[in-house]
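Undergrad: The lines below spell out each chain.
There are 2 protein chains.
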Amino acid sequence: MADDALRAAFDELRGRLIEAGHLIPCGVDGVYGKSAEYERVWAGVGAAASRLAAPDGPVLCSFPPLLPRVTFDKVEYVRNFPHLSGPMFSFRGDDRAHAELIRRLDEGQPYADLLQQTDVAFTPACCYPVYSTLTKAVPPGGIVFEHHSYCFRHEPSPDPMRMQAFRMWENVRVATPDDVLDWRSTWLSRFAELFDRLGLDARTDIASDPFFGRAGRLMAQGQRAYQLKIEFLVPVFGESEPTACASVNYHLSHFGELFDIRTADGDAAHSACAAVGSDRCVVALFQRYGMETDTWPSSVRAVLWP
Amino acid sequence: MADDALRAAFDELRGRLIEAGHLIPCGVDGVYGKSAEYERVWAGVGAAASRLAAPDGPVLCSFPPLLPRVTFDKVEYVRNFPHLSGPMFSFRGDDRAHAELIRRLDEGQPYADLLQQTDVAFTPACCYPVYSTLTKAVPPGGIVFEHHSYCFRHEPSPDPMRMQAFRMWENVRVATPDDVLDWRSTWLSRFAELFDRLGLDARTDIASDPFFGRAGRLMAQGQRAYQLKIEFLVPVFGESEPTACASVNYHLSHFGELFDIRTADGDAAHSACAAVGSDRCVVALFQRYGMETDTWPSSVRAVLWP
Numbered sequence: 402m403a404d405d406a407l408r409a410a411f412d413e414l415r416g417r418l419i420e421a422g423h424l425i426p427c428g429v430d431g432v433y434g435k436s437a438e439y440e441r442v443w444a445g446v447g448a449a450a451s452r453l454a455a456p457d458g459p460v461l462c463s464f465p466p467l468l469p470r471v472t473f474d475k476v477e478y479v480r481n482f483p484h485l486s487g488p489m490f491s492f493r494g495d496d497r498a499h500a501e502l503i504r505r506l507d508e509g510q511p512y513a514d515l516l517q518q519t520d521v522a523f524t525p526a527c528c529y530p531v532y533s534t535l536t537k538a539v540p541p542g543g544i545v546f547e548h549h550s551y552c553f554r555h556e557p558s559p560d561p562m563r564m565q566a567f568r569m570w571e572n573v574r575v576a577t578p579d580d581v582l583d584w585r586s587t588w589l590s591r592f593a594e595l596f597d598r599l600g601l602d603a604r605t606d607i608a609s610d611p612f613f614g615r616a617g618r619l620m621a622q623g624q625r626a627y628q629l630k631i632e633f634l635v636p637v638f639g640e641s642e643p644t645a646c647a648s649v650n651y652h653l654s655h656f657g658e659l660f661d662i663r664t665a666d667g668d669a670a671h672s673a674c675a676a677v678g679s680d681r682c683v684v685a686l687f688q689r690y691g692m693e694t695d696t697w698p699s700s701v702r703a704v705l706w707p
Numbered sequence: 402m403a404d405d406a407l408r409a410a411f412d413e414l415r416g417r418l419i420e421a422g423h424l425i426p427c428g429v430d431g432v433y434g435k436s437a438e439y440e441r442v443w444a445g446v447g448a449a450a451s452r453l454a455a456p457d458g459p460v461l462c463s464f465p466p467l468l469p470r471v472t473f474d475k476v477e478y479v480r481n482f483p484h485l486s487g488p489m490f491s492f493r494g495d496d497r498a499h500a501e502l503i504r505r506l507d508e509g510q511p512y513a514d515l516l517q518q519t520d521v522a523f524t525p526a527c528c529y530p531v532y533s534t535l536t537k538a539v540p541p542g543g544i545v546f547e548h549h550s551y552c553f554r555h556e557p558s559p560d561p562m563r564m565q566a567f568r569m570w571e572n573v574r575v576a577t578p579d580d581v582l583d584w585r586s587t588w589l590s591r592f593a594e595l596f597d598r599l600g601l602d603a604r605t606d607i608a609s610d611p612f613f614g615r616a617g618r619l620m621a622q623g624q625r626a627y628q629l630k631i632e633f634l635v636p637v638f639g640e641s642e643p644t645a646c647a648s649v650n651y652h653l654s655h656f657g658e659l660f661d662i663r664t665a666d667g668d669a670a671h672s673a674c675a676a677v678g679s680d681r682c683v684v685a686l687f688q689r690y691g692m693e694t695d696t697w698p699s700s701v702r703a704v705l706w707p
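First to last, the protein sequences are chains P and L. Using my numbering, read the first sequence as starting at 402 and increasing by one per residue. Using my numbering, read the second sequence as starting at 402 and increasing by one per residue.
Extracted from the complex, chain P is given alone in its bound form (with noise of 0.2 Å):
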């Protein structure tokens, strides 16, 4: 699709989404305030994912959208992807200092050089801060922990399925490779049944993450030769330019190395993670079924609010 119809077609499903109050403008590009039923769908599709969790009988956990500076460097974001990073600043000066930021406030003037940066960030991805709380050795048979919160990406766009603050509801597995291997095959098998009840025509892809620049292509391009992640994507805007509403990642032993799992053989753990974009799957849900949910097909709102 030509940038201009794709422009069109995100500022015409925006308009509607905002007519309907599903989404409240608040004056940046993928900054939006969200209607009561948008949340109930949103719970929803949280709960859909939830219960084909349930068999492996994850530990279920929440985590705030803050990540220490600690396991943000750790993990690399900055490095492999300092564009889309939500490092977080703040003041640690005095009265005179405080003056001058007055005057510069006043006089509508950058007052960034006056902040420093503190020791956290908005995370980025929902399974980073699980690592950093796992103790060294894993039970047998490994661990699986799900929760569901806000992320952010710096990424302002008009697209609606783009926001910068978003939620991510992630199911990871640490264990052997075996066992983690057949945990993917499960996830992708779930996905295409969650996507095929919600009637939204998903198809998966490899994928690779966002790498930064000249370096970060030859990592995407690791990433795509092991197919370590596989995104589910569905056609909001046509088939020419689907998005991702849910992915599955293997991670090797890259976090098990990083964070010193280990399994009960002594060997760093594997990992992956099965994320589901949530707020991506809400706008897709209103973008195919209209902004009434009462007019849903009630096969969709059987799966949503069983």
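Be aware that one or more of the hints could be misleading.
When chains are identical, the list treats them as one kind, so a pair holds in a single copy or across two.
Keeping only pairs whose Cα atoms sit at most 20 Å apart, straight-line, the calculated EDC-like set for lysine to aspartate or glutamate is [claimed, not checked]:
1) K537 to D666
2) K475 to D507
3) K537 to E693
4) K630 to D412
5) K475 to E501
To be clear, the hints were calculated from the coordinates, so they are not data collected in a lab. The model shown is predicted, which means the values in this text are computed figures rather than measured ones.
With chain P's structure known, arrange chain L on it following the hints.
TA: Showing chain L alone in chain P's frame:
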């Protein structure tokens, strides 16, 4: 209480919450994962507050924990509370700047000067996003909004009641001065009832916001003189060091003027908010009744999970 004794009390409660698995330490003071049971208590606190609010018919909405910088600057947060603020930075450089970033990371050098301030900040209070979304005229009788989401304040602390990322339940009333003052009185009664039923021994006190520095002390004095902020204080660490777990705040026409929100008669609307520190309430409940919710008094359980 002496500083040492208070610090010991923080460590004791935090230690018990961590040992019980309700708080999951992430490596930075004030940033914790939470157990499923913690989240169930948290949801119960929010639901109890929502039931008290129901007679007003609030508009339910949800905002992400990101505030556009245009609003952040307009409400003068960074001017008044720079030390607590959380402006977000990101990287907008090219491959060459990226190479320098990687060099700094490899050498463990600071890289803050390679980042730029973005158009967003971490939301410091639930009510700020609401005002910017209001149209210029509120209907006769005014409006009430309800939402419940993560907020951020940069105050790393060993006190488990004082998290950097915490959740706030809020109702916001925008109306004529008389309507707003009546509503404020109603919430003073409602919160007294809520804390009474939860057995949390709250008392009210005139309070002020933690304005920064010398200039801030004058603003805090004004806020106290007009009794604009009334807190519900719970003695989690003893009567001499109570912690605010809810507050009712009257803004006069401050936000009405700032955002040009008018009542039917054309005057700047007045506003107030009724806020519950829902994470603080959860920690206070665990401190009061112990780490096992099934041993909590049935009267308290009935408030949380009727």
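Undergrad: Which of the numbered hints above does this structure break?
TA: Of the numbered hints given earlier, those the structure breaks are 3 and 4, listed in rising order.
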